[in-house]
Amino acid sequence: MSTRYIGKRMKRNEDPRLLTGRALFTDDVHLPGMLHVAFLRSDYAHGRIKGIDTSFAREIPGVVAIYTAEDLGDYWRPGPLLVPPPPVEGRVFHARTQVPLARDKVRHVGEPIVMVVAESRYIAEDAVEQIFVDIEPLPAVTDLEQALAPDAPLIHEDLDSNLAAHIIQQKGDYAEAVEKADVVIRRRFYYDHGVAAAMENRGIVAWWDGKAERLTMWDTTQAPVVIRNGIAAMLGLSESQVRVIAPFIGGAFGPKIMMFYPEEVLLPWAAMQLNRPLKWIEDRRENFMSTTHERDQIHWAEIALTKDGKILGVKDEFIHDSGAYDPYGLTVPINSQCTLLGSYDIPNYYSDMKVVFTNKMIVTPYRGAGRQHGVFVMERLLDLAARELGMDVTEIRRKNYIPPDKFPYNNEIIYQDFAPLVYDSGNYEPLLDKVLALIEYEKFIKEEQPKLRAEGRYVGIGVVSYVEGTGIGPYEGARVQVETTGKVNVATGVGTQGQGHFTSFVQVVAEHLGVDPKDIYLVTGDTDIFHWGTGTFASRGMVVAGNAINSAAERVKRKILQMASQELEAPVEDLVLEGGFVRDQRHPESFVALKDLAVKANPLRGAVKADAEPGLESTAYFGPERGATAFGTHAMIVEVDPETFDVKILRYVAGHDCGVMVNPLIVDGQVRGGVAQGIGNAFYEKIVYDDQGQLLTASFMDYLVPTSMEVPHIELVHTETPSPLNPLGVKGVGEAGAIPVAPLFVQAVENALAPLAELEITEAPISPNRLFELVQEARQKV
Amino acid sequence: MKPPPFDYYAPDTLDEALALMAQHGYGAKALAGGQSLVPTMNFRLAAPSVLVDLNRIPDLSYIRLAPDGGLLIGAMTRHVQAEKNPKVADKHPLLHATMPNIGHPQIRNRGTLGGSIAHADPAAELPALMRAVQGRIKAQSARGSRWIPADDFFQGFFTTALAEDELITELHLPPLPAGSGWAIEEVARRHGDFALVGAFAILHLDGAGRCDHVRISLFGVGDGPMLATTAMGVLRGEKLDDEAIATAAEAAAQKDVDPPSDVHATASFRRHLVNVLVQRTLTQALARAAGQEVTA
Chain P
209 MSTRYIGKRM KRNEDPRLLT GRALFTDDVH LPGMLHVAFL RSDYAHGRIK
259 GIDTSFAREI PGVVAIYTAE DLGDYWRPGP LLVPPPPVEG RVFHARTQVP
309 LARDKVRHVG EPIVMVVAES RYIAEDAVEQ IFVDIEPLPA VTDLEQALAP
359 DAPLIHEDLD SNLAAHIIQQ KGDYAEAVEK ADVVIRRRFY YDHGVAAAME
409 NRGIVAWWDG KAERLTMWDT TQAPVVIRNG IAAMLGLSES QVRVIAPFIG
459 GAFGPKIMMF YPEEVLLPWA AMQLNRPLKW IEDRRENFMS TTHERDQIHW
509 AEIALTKDGK ILGVKDEFIH DSGAYDPYGL TVPINSQCTL LGSYDIPNYY
559 SDMKVVFTNK MIVTPYRGAG RQHGVFVMER LLDLAARELG MDVTEIRRKN
609 YIPPDKFPYN NEIIYQDFAP LVYDSGNYEP LLDKVLALIE YEKFIKEEQP
659 KLRAEGRYVG IGVVSYVEGT GIGPYEGARV QVETTGKVNV ATGVGTQGQG
709 HFTSFVQVVA EHLGVDPKDI YLVTGDTDIF HWGTGTFASR GMVVAGNAIN
759 SAAERVKRKI LQMASQELEA PVEDLVLEGG FVRDQRHPES FVALKDLAVK
809 ANPLRGAVKA DAEPGLESTA YFGPERGATA FGTHAMIVEV DPETFDVKIL
859 RYVAGHDCGV MVNPLIVDGQ VRGGVAQGIG NAFYEKIVYD DQGQLLTASF
909 MDYLVPTSME VPHIELVHTE TPSPLNPLGV KGVGEAGAIP VAPLFVQAVE
959 NALAPLAELE ITEAPISPNR LFELVQEARQ KV
Chain V
977 MKPPPFDYYA PDTLDEALAL MAQHGYGAKA LAGGQSLVPT MNFRLAAPSV
1027 LVDLNRIPDL SYIRLAPDGG LLIGAMTRHV QAEKNPKVAD KHPLLHATMP
1077 NIGHPQIRNR GTLGGSIAHA DPAAELPALM RAVQGRIKAQ SARGSRWIPA
1127 DDFFQGFFTT ALAEDELITE LHLPPLPAGS GWAIEEVARR HGDFALVGAF
1177 AILHLDGAGR CDHVRISLFG VGDGPMLATT AMGVLRGEKL DDEAIATAAE
1227 AAAQKDVDPP SDVHATASFR RHLVNVLVQR TLTQALARAA GQEVTA
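For the record, the sequence lines run as chains P and V. If you're matching positions, the first sequence starts at 209 in my numbering and goes up one per residue. If you're matching positions, the second sequence starts at 977 in my numbering and goes up one per residue.
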């Protein structure tokens, strides 16, 4: 298919606005009479609230209102269960969702207890310091394994234990696989994923316009439509009385799809109580404590293989940390359970997952959303197996890849969309070959590494593969209209947080309508403009919203061609849309402007056909029958300082396949951004709570995100295996880059340090300090 | 992350500033570059009732040659000014080599040398440098002025010999002994982070090739910049070779420090790094003393 805009490396339309500070972010909203909100948050991880004294704070000039749980009356209620548990037989699941303000008990550091409204944020914070909460501390549950101990303190006292869920999924018969196996390898793995640390924290402005009887809310959410519907229901308003705008957002990465944060519930309510606009902008310290995390899992995993490296089966038992509540259901651990099987044809699998409550912040998806944990376990098992069998790490992967003729491939394990994950399409070896060629794998192993080792340098290489189930339903929608101005307006319900929608979505429309992308005006995430949809998550924007836009643009194109065919007295097949005109290819002098057709489609007088829709407009929806499975192989060369254990990434090659690329420049950016966060996850970032549940990493001094200084140049290669499940043939790419970095990193580091010590790294992240300890342990063993 | 209320003064002269410090005493804090003080206030970890902003006072920002061949540096000199100053590059290569290790360019544009010294962060470079070079700090108050040797100035965790009404106005960095070798090395998680461990070494050899002057100053390993006195004792009067350096480094790690543990590094890793960095800095310093080019 030859295309005009799809597949073009177009620079991003939104960047001039973003880079020159002219884009609207939530904190840019200033309204007359606006008040500011600060929260008193729990200093204790676990405790009983005995009393709250707000009397001193109320005396501070400029303090307008102070609310505790008691003041909320009937409005106080636990949040909704956002994602129900998957339909797995024998499942155990206990929904315990977050509350707007802690009442009786606090369950994690950072849980809001009191809301203060004041004339300025300064005054509000001064008032917070003058509120005294009497908390009787309870022992905190911080360790995943100890959370299930019979004498563990109960976080939710109406439950018998801290078990939030227990799910067993399997395919084939693992016991049979073990019987046939030549080699069985079993290890304990620990994987800890951190926080999104988006550049922009959360923020909300809520404004009740009493005369119009409408509530407007600017919210840094990934799901404005769902927020609108939920808030309307909570406040007893009609959905049409609530407008939620998700303006430009400085990164989201998952935690901003969590609903409903206490602040989202409280601000609109208080704005109506006080009849004043309210603003709350989360500060970085609050973000670390009170925006959702992803955190750790402990796996005991086992792999059974033949002596020539063919996988017969995998068994895994793991514990997942849900934090104090589980409003997001089991999305993260289900993704781990399902994605663990990765790129490999594994006939027998047994996976037992337990989810526990702890006295820590709630865990919800963050870029990768549990897939990292599964991929880490699988890739490490393969590395250990390769070492045991004396095989090359790339050879064992090649041997076990799902062959191209087995697609669609049924992985059989239920995924986050409640259906068994079926890989729609894939072809893994060509991508591996491209990656190996670019990084010059053979040459490195045979020539460069021996030479550098002889010079006393510790350099190593790694190669890992992964899949990512993307683009799940249920659906998104879009409206496309050619205006009488000649401009095209496009609206969709998903919000935008830096993905480049103002370019990639526009390219899809321009492809069909042949108008200059500069003449296409896109609105995302404003419920007054478009109020159907679920949100931006799970690497689904282009797959789901993109295909809805594609479908709406196609329908508008059909309308245009029909009208133009009558107008130009030419058959539809002879007409082309380009530069804002429809032209008769056989008679180039015969053409009509889209804007003139738009006027004719919406006449002020005269008759139109009885069943005709006015205007050159169409609304379409797209719901894929199931997700599209992207895949990748990454390779890395590192050098380790054998004394300080600092690690330098000398080369990074990311090979990725997300089907058809609408804008390869944006795809490159998505993969690179993901890899950067993956490098953070592998080597720099770690949320640390002490055994009392105190958060020790609540600033960027202690929580280390990689900067441009730490992220190397990332070389990219792509293959394009289209998805058969959607007309554009696209697969999601948002999370891809972040998924394989930690297992890749530790594989390369092990390889680099091999002359120093035979390491077996079964955990991530890894720090220089931890490498130092592992090397010491390995040397003591020898 | 908003500071509690405070009164703010922006005096135009040093005398006014000193008068304000005398008047407000303990509750007053001097604002220099603000790179540590302002975040600390925003976190509400510090709540001074009065800020005395020194940024409008002329004549506190300069780099001059001292009569002894060293440098006199005004307290309000920005890090970037020392980093880019040709006199510094020429007369004090160790200070020159130190500057890029301090924070990031944005921080060095605002941060001041006097501010770093007064703040006395145990993981900061400049306090340890002042001890390595046996510098002096000029403290001034409405009562008069005095020079405090760096060895007496730093008294513990964020604690200095400054009285509550005193301001630092000038730093004196004596020249390195002619023909001496020097080095700075630090290990930080990311470039620009506070060091997990850092080390300065300065040494000089006599005509017979024996060490007749040595200073090893460490940061990030205690409650302030500290000298590795045992290690220095091991080297003094000795002919220096790899073995002597290894012995000194081991002594520094085992006897001179009792490092803290935190989320970034355990005490035992820090001890290991002291050993590594003392070896590396001494090796580089020795090479420089022998007249070799060293690229760190």
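Where hints are given, some of them may not hold.
Calculated lysine-lysine pairs in the DSSO-like style (CA-CA distance at most 30 Å, straight line) [claimed, not checked]:
1. P/LYS518 <-> P/LYS419
2. P/LYS258 <-> V/LYS978
3. V/LYS1231 <-> P/LYS989
4. P/LYS856 <-> P/LYS808
5. P/LYS856 <-> P/LYS642
6. V/LYS1231 <-> P/LYS313
7. P/LYS659 <-> P/LYS642
8. P/LYS258 <-> P/LYS379
9. P/LYS767 <-> P/LYS726
10. V/LYS1060 <-> P/LYS856
11. P/LYS607 <-> P/LYS379
12. P/LYS216 <-> P/LYS515
So the derived list for chain P, only partly shown, Cβ under 8 Å to chain V, looks like this [as the list claims (entries may be wrong)]:
13. ASP491
14. VAL896
15. LEU904
16. ASP910
17. GLU918
Sample of chain V residues with no beta-carbon within 12 Å of chain P, all distances over it, derived [what the hints assert, rightly or not]:
18. GLY1001
19. TYR1002
20. ARG1040
21. GLY1045
22. HIS1072
23. GLU1162
24. ASP1182
25. GLY1213
Source of the hints: derived by calculation from the structure; they are not laboratory data. Glycine is no exception: its CB is placed at the ideal position from the N, C-alpha and C atoms.
Outcome of the hint check:
no.	hint	in the structure
1	P/LYS518 <-> P/LYS419	violated (71 Å)
2	P/LYS258 <-> V/LYS978	holds (28 Å)
3	V/LYS1231 <-> P/LYS989	holds (28 Å)
4	P/LYS856 <-> P/LYS808	violated (64 Å)
5	P/LYS856 <-> P/LYS642	holds (24 Å)
6	V/LYS1231 <-> P/LYS313	violated (49 Å)
7	P/LYS659 <-> P/LYS642	holds (25 Å)
8	P/LYS258 <-> P/LYS379	violated (51 Å)
9	P/LYS767 <-> P/LYS726	holds (22 Å)
10	V/LYS1060 <-> P/LYS856	holds (28 Å)
11	P/LYS607 <-> P/LYS379	holds (21 Å)
12	P/LYS216 <-> P/LYS515	violated (47 Å)
13	ASP491	holds (4 Å)
14	VAL896	holds (5 Å)
15	LEU904	holds (5 Å)
16	ASP910	holds (6 Å)
17	GLU918	holds (6 Å)
18	GLY1001	holds (24 Å)
19	TYR1002	holds (20 Å)
20	ARG1040	holds (34 Å)
21	GLY1045	holds (35 Å)
22	HIS1072	holds (21 Å)
23	GLU1162	violated (10 Å)
24	ASP1182	holds (31 Å)
25	GLY1213	holds (28 Å)
The structure shown violates the earlier hints numbered 1, 4, 6, 8, 12 and 23.
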